Amino acid sequence: MQDSATLSYLVATDVGGTCTDTIVFGSDGGIHIGKALSTPPDFAHGVLASIESAATPMGLTLEDLLSRTHLFVHGSTVVDNAVLTRDGARTGFITTLGFEDTLHVTRGAYGRWAGLTEGQMKHPVKTDRAAPLVARDAVVGVTERTDCFGDEVLALDEASVAAAVRHLVQDKGVEAIAVSFLWSFLNPAHEARVREIVLREAPGTYVTLSSDIAPVPGEYERGSTAVINAYAGRITRDYLTDLATLLAARGYSGATMVMQGYGGLLPAAEAADRAVGMIECGPAAGVIGAKFLGDLMGDGDVIAADMGGTTFKVGVIQGGQLEYAREPMVDRFHYIAPKIEVVSIGAGGGSIVAVDPLTRLPSVGPRSAGARPGPVCYGLGGTEATLTDVMLLIGYMDPDQFLGGSITLDRAGAVAAVSRQVAEPLGLDPTAAAIGIYRIACAQITDLIREITVERGLDPRDFVLHAFGGTCGMLAAAFGEELSVRRVIIPYTASVNCAFGLISADIAHEYTTTRTLAAPADASEVNAIFAQMETKAKAQLNAEGIEPERQRMEWSVDLRYCRQVHEVTTQVHAATPLDTTGVARLVDDFEALYERKFGKGSAYREAGIEMTAFRLTARGLMPRPKLPTEEEGSADPSIALMGQRPILDLTIGGMATGRIYDFTRLRPGNEVTGPAVIHTPITTIALHTGHRARMDRWRNIVVTTDA
Amino acid sequence: MDPMTFSIIRHRLFRIVDEAVITLKHVSGSAITNEGHDLMVSLYRADGTLLMGGVGFLHHLTSAAEACKAIIRRFQGQIGEGDVYLLNDPYTAALHTSDIYLVAPIHHEGRLVAWSACFVHVTDIGAMNPGGFAPQAVDIYSEGFSSPGLKLLDRGEMRQDVLDTILNMVRSPEMVSLDLRSMIACCNVARDRMGALLTKYTAPVVDEACAALVEQSEQLFRARLRALPDGQWQSRQYLDVQGETARVLLTMTKTDDRLVFDFTGSDPQSRHSINCTKWAALGGLFAPLFPLLCYDITWNEGVIRPVEMIAPEGSIVNCTRPAPVSVATVGAIQSVNNAACTTIGKMLAASEAFRDQATAVWHANHFAIFKFGANQRGGYSIGILTETFAGAGGARSFADGVDIGGEIPNPISRMANVETVEGAFPIRYLFRRRAADSGGPGQFRGGTGGEMAIVQHRAPAGGIDYVISGKGARHPMSEGLAGGYPGAPNKYVWVHADADGAPGAPDRLETIPGKAEPVSWGVYPLRGRDALYVRWNGGGGYGDPIARDPNAVASDVTSGVVSSSAAKEIYGVALSSSGAVDDAATSVLRAAIRSARLAAPEAVQ
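Same order as they appear, the protein sequences are chains W and U.
So that you can map any letter, position 394 of the first sequence is 394 in the working numbering, and since no number is skipped, the others follow by simple counting.
When you read off a place in the second sequence, starting at 1, and then add 1000, the result is the number in the working numbering.
Treat the hints as calculated values from the structure; they're not laboratory data.
All values reported here derive from a predicted model rather than from experimental measurement.
Take the hints with a grain of salt, since some may be wrong.
What the hints assert, rightly or not - Below are the DSBU-like pairs computed for lysine-lysine, each with C-alpha atoms no more than 35 Å apart in a straight line:
(1) W:K172 <-> U:K1278
(2) U:K1278 <-> U:K1200
(3) U:K1346 <-> W:K600
(4) U:K1151 <-> W:K597
(5) W:K600 <-> U:K1069
(6) U:K1278 <-> W:K597
(7) U:K1200 <-> W:K597
(8) U:K1278 <-> U:K1346
(9) U:K1346 <-> U:K1515
(10) U:K1278 <-> U:K1069
(11) W:K126 <-> U:K1346
(12) W:K126 <-> U:K1151
(13) W:K600 <-> U:K1568
(14) U:K1151 <-> U:K1069
(15) W:K126 <-> U:K1515
(16) W:K597 <-> W:K536
(17) W:K35 <-> W:K626
Claimed, not checked - Reference listing, derived: stretches of chain W covered by chain U, where coverage requires no fewer than 3 residues with Cβ under 8 Å from a Cβ of chain U:
(18) 159-165
(19) 467-473
(20) 490-501
(21) 559-568
What the hints assert, rightly or not - Okay, the calculated bits of chain U under chain W, using three or more residues with CB under 8 Å as the criterion:
(22) 1004-1012
(23) 1020-1029
(24) 1175-1182
(25) 1288-1297
The beta carbon of each residue, even a glycine, is placed where N, CA and C say it ideally should be.
Make a model of the complete structure from these sequences and hints.
What follows is the structure, given as structure tokens:
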């Protein structure tokens, strides 16, 4: 044990939509957890409250803790919130003359249906685009043109640019300007000149160039990215500056790292200018946390499922690699930035359960009672039955022991609501109705996970499932069995997984160069492209104080079969710079990956293969936390047995007597068999007949199904 | 049946279709399938009736059911596990030859229990013009390979001789081979996933759920029809090709819980390939019917039962072999889509309770241009201009139509980025935007269509060629509703460049230098400094334009989608020089429009 005076701390705080979670990691290996409600739109206050809630049980004041903190890692939903609430800057858009409508017509119907459920897509009369971030009269086209080789076709009309800037700033009152020209990712000269003109004509205007923020093809998505970045840019910058000031005032003098949607960290000063990078960085951190645990436990293939109050989110790690979103969206706006794929549906503990009056089909969500009024059984004024109420009816929650006994759950209220909303319309008794709803929730989640794995050519049977969040543990063993995953793990850090992910991430910069080369290309040509990016990356990492031995350069290349639309980002496994064999291996890897993703026989080799983009991930390795472990002992869990009560046992199809265990009294090595439930401070783990749960040496619960 | 199991099986059937669609798009890397979503996957019961229709080109749902039935009739007694059948004859079930159906039986424990069917628009079918639409075809024989049903896979084994024969008849055989492989992969996924469902819940339980699902859709649809007013509604569509105009006349009669669609009075079949066969016309009716009347009902046989169609033999909507039909999907079928959308819309608008479901016609007329030629990177490119999928939304009783917002029969299409097209073809866009005054005026305005112009750019052969099947430049086809005006028609212009004019930076048709020639039908070159201009139609309006909120008109003028002359003459809105509404002058203008109508009532009929 280190002397407490010499202890130093790593503090990570993740601001989510509802809660702000903190994890404090001591140099002695101690882990401390804090939680507070998020405080939109002034999220910084919730951050301090969350850190303080971790400090107090440690016997420290906020100032004590912060003064001994050497690194603060942060993720925040500030950008998502600015876009969703339309709270960003008044933004103007300058683009190529003749293409002023590109943003507003969203590649045709795409922007009308993207982000909708299948049910909504089948009802086109009731669909519209999301209200745009830029008013149409704040879009100006200027004469200029570059072609598909990056060659200038028409010179930039600088006088009309200056006029456009004055019009936007003076007449339209814009505070931020996004610029996106056709083919600017191949030749950014015209965009760069526009920035100079804006700063000359209207200094202080926030400017985002599409060739800076997303130098990749596709003018609609690239322009949309520039607009989102400009729209949320100032809010993001102000937020990070204010936070730094607040932390400094409380005694913090170290660096702040900010999580990005691709799962890497950026120093706060750099993150401030890349608002789009922060979109959905919390869920991304959750996947990073799952990857860290997977690596620790030797599982390269992980499905990370997080189910809280309103949504069920799922991400996939395959062979230790993260899956990136192909068409990321915020609200219903497309953007291009590397982002870890996290798919969600509206199913959580607060999801309202109902029977459709027309089809008489029972359903779970997507409507939610949220945190307020919440489920009926919380007694906070909720009147509509939710999935949580169902869980109470089937014995998975202890009315007297919820949140450590701080709330007594209203069982009678829950029974009445489930009866009214589900049981009576279907002519069932309340318990049968609750069992049915539980089965439907499992089936919906099973279908979602199947869909997102199949979409990537993956088979869920090869995966381990990590269950995070307050609701997931009650369902995970059941849907895990239906998916035939190898095992289900409810991690010890499940309640603050996103914050946990923050402390297991590296600094990472992503660079992309778009160029088309026929494959297999000349190795020297490929190396030259990467050399340029590496020079930039190394200078960046050096400036951030990352010594060369902590720098890692990871190469990947987008390849496709000519005349086909699917591009596959393929990692370079060979030594870099590449030689001829290395290039050949890259092409082979692409072909194997393509077949895996898109199925056998899907390749059209006859037309040839081409490389379309070159991506560099430049990492600055951060020290990994070392989690405390405890030797596994006896399998006998009786020390933690609290009693028994009727619970749903899906294997036998009805209620059965289940043993009830207290997680805090279980010891590593203890094994619990279903039917049983394990109550943890934040969730309940439900086990059916045939399920076996063991506490491992990190205090994770590992559930397997008897063959 | 247990409502929970029923709910789970229904959801899973839905997902099976979804998974099969994903597979199909993955394997087929083509733009028309991936961007245009020009595809369909559905599940059918053992007798070939529709069980679960997916979201794709909806006019295929019923035709593919007929394809299943045709295969059952032809191969009765020889249908084996793992077989896959191909059918693309329009006179048997298909819509046109290039939309190939693959139909596959699904067996469980040795018994045939269901079918899956899918289609994609294959890259080529060997018709006289490349790409599938053959404006120059004079009969079905010039429209490429067509089969009333053949076995492509025999118990899981590809019949290589059959495949080679098909590929021997098409341009771009590798791409067609890939199209076929994508559909086979799709059938395999549907079969495997259905197999897992059958194993988990047993065949009798799944069959009971499927029967209940069909039964439920029928009950729900009949109940909906009973809730709507009885009556008779009409729509007329005029399709012009090469100076000839063909009429589609539809009379829809709704009595109690039945709907009859009667095409009596439609013109005889055309000598041009815009005709459609009977099965295609039926599919054309259901494409808007599913999303407009059954948005919350599972799309299956139960929805089909209460509907009857009368289509006179030898007419443009039920043509007789060997009439050419390759342009049907964007010809007569689309007119049937439009007419059905209008008659259904009129019925919905007549009901207080369902008025908010009514819509004027969306995107009424695909322009279907296939471009082909040597590209700027040493290869050869062929493909559709995906702007044809961009469409335009019809106005609704509560809101404007969505500008460039797609179409009802194919609810989730999209168009390619300009950079995607310029990267693959040696062409350069001069502009692409919403087309002013294209949305049908109304109290709620129809969504605008778009306009674009392209020139060749660094083409190694000096240019490319294109096949255009562009009808509808003479008569507007996206009808308005409840007093709304139709959207503007399509327009296609070949601008012949002057011998030595300056290139300049034209950003609209009027500023492209040269001599304009309308084109619409056939194969044309795009060379030198010539330009091709296309404007596609806007959606129909809803309600009287002089009842439109004047501020909405002012805003439309500001964003360039309504001209100030249209604001004044059609909407009766006077704007000040700053663009603000002049209330007093607007009242005067609107009063004048009313008086003029009263003075000449026949003019507004």
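Quick rundown of the hints versus the structure:
As the CA atoms of K172 of chain W and K1278 of chain U are separated by approximately 56 Å, the hinted pair breaks the 35 Å bound. Distance restraint check for K1278 of chain U and K1200 of chain U: the Cα-Cα separation of roughly 40 Å exceeds the 35 Å cut-off, and the hinted pair is therefore not satisfied. Restraint check for K1346 of chain U and K600 of chain W: the C-alpha separation of about 49 Å exceeds 35 Å, so the hint is violated. Taken as a hint, the K1151 of chain U and K597 of chain W pair is honoured in the structure, with Cα atoms around 28 Å apart against an allowance of 35 Å.
With a C-alpha separation of about 30 Å, the suggested pair K600 of chain W and K1069 of chain U falls inside the 35 Å cut-off, and the hint holds. With a CA separation close to 40 Å, the supplied pair K1278 of chain U and K597 of chain W exceeds the 35 Å bound. Taking the CA atoms of K1200 of chain U and K597 of chain W, the gap is about 27 Å. The hint holds against a cut of 35 Å. For the proposed pair K1278 of chain U and K1346 of chain U, the alpha carbon gap of about 24 Å is at most 35 Å, so the pair holds.
Using a Cα cut-off of 35 Å, the hinted pair K1346 of chain U and K1515 of chain U is violated, with the two alpha carbons roughly 43 Å apart. Using a Cα cut-off of 35 Å, the hinted pair K1278 of chain U and K1069 of chain U holds, with the two alpha carbons roughly 15 Å apart. Among the hinted pairs, K126 of chain W with K1346 of chain U is consistent with the structure: their alpha-carbon atoms are about 17 Å apart, no more than 35 Å. For the hint pairing K126 of chain W with K1151 of chain U, the CA-to-CA distance comes to about 42 Å; that exceeds 35 Å, so the pair is violated.
With a C-alpha separation of about 61 Å, the suggested pair K600 of chain W and K1568 of chain U falls outside the 35 Å cut-off, and the hint is violated. Distance check on the hinted pair: K1151 of chain U and K1069 of chain U sit about 14 Å apart at the alpha-carbon level, within 35 Å; holds. For the hint linking K126 of chain W to K1515 of chain U, the alpha-carbon distance of about 44 Å lies beyond 35 Å, and the restraint is violated. Taken as a hint, the K597 of chain W and K536 of chain W pair is honoured in the structure, with Cα atoms around 33 Å apart against an allowance of 35 Å.
Distance restraint check for K35 of chain W and K626 of chain W: the Cα-Cα separation of roughly 22 Å lies within the 35 Å cut-off, and the hinted pair is therefore satisfied. Counting residues of the stretch 159-165 of chain W whose beta carbon lies closer than 8 Å to any beta carbon of chain U gives 0, which falls short of the minimum of three for the stated coverage. Residues of the stretch 467-473 of chain W lying with their CB closer than 8 Å to a CB of chain U number 0, which falls below the three-residue condition for coverage. For the stretch 490-501 of chain W, the stated coverage by chain U is not satisfied: 0 residues place a CB nearer than 8 Å to a CB of that chain, which falls below the threshold of 3.
Here the stretch 559-568 of chain W counts 7 residues with a CB under 8 Å from a CB of chain U, which clears the bar of 3, and the coverage holds. Only residues whose C-beta sits within less than 8 Å of a C-beta in chain W count toward coverage, and the stretch 1004-1012 of chain U has 7 of them, enough to reach three; the restraint holds. Counting residues of the stretch 1020-1029 of chain U whose beta carbon lies closer than 8 Å to any beta carbon of chain W gives 5, which reaches the threshold of three, so the coverage claim holds. As drawn, the stretch 1175-1182 of chain U meets chain W at 4 residues by the rule of a beta-carbon pair under 8 Å; at three or more, the given contact holds.
Against chain W, the stretch 1288-1297 of chain U contributes 6 residues with a C-beta closer than 8 Å to a partner C-beta. That satisfies the three-residue criterion, and the hint holds.
Comparing the model with each numbered hint stated earlier shows that hints 1, 2, 3, 6, 9, 12, 13, 15, 18, 19, 20 do not hold.
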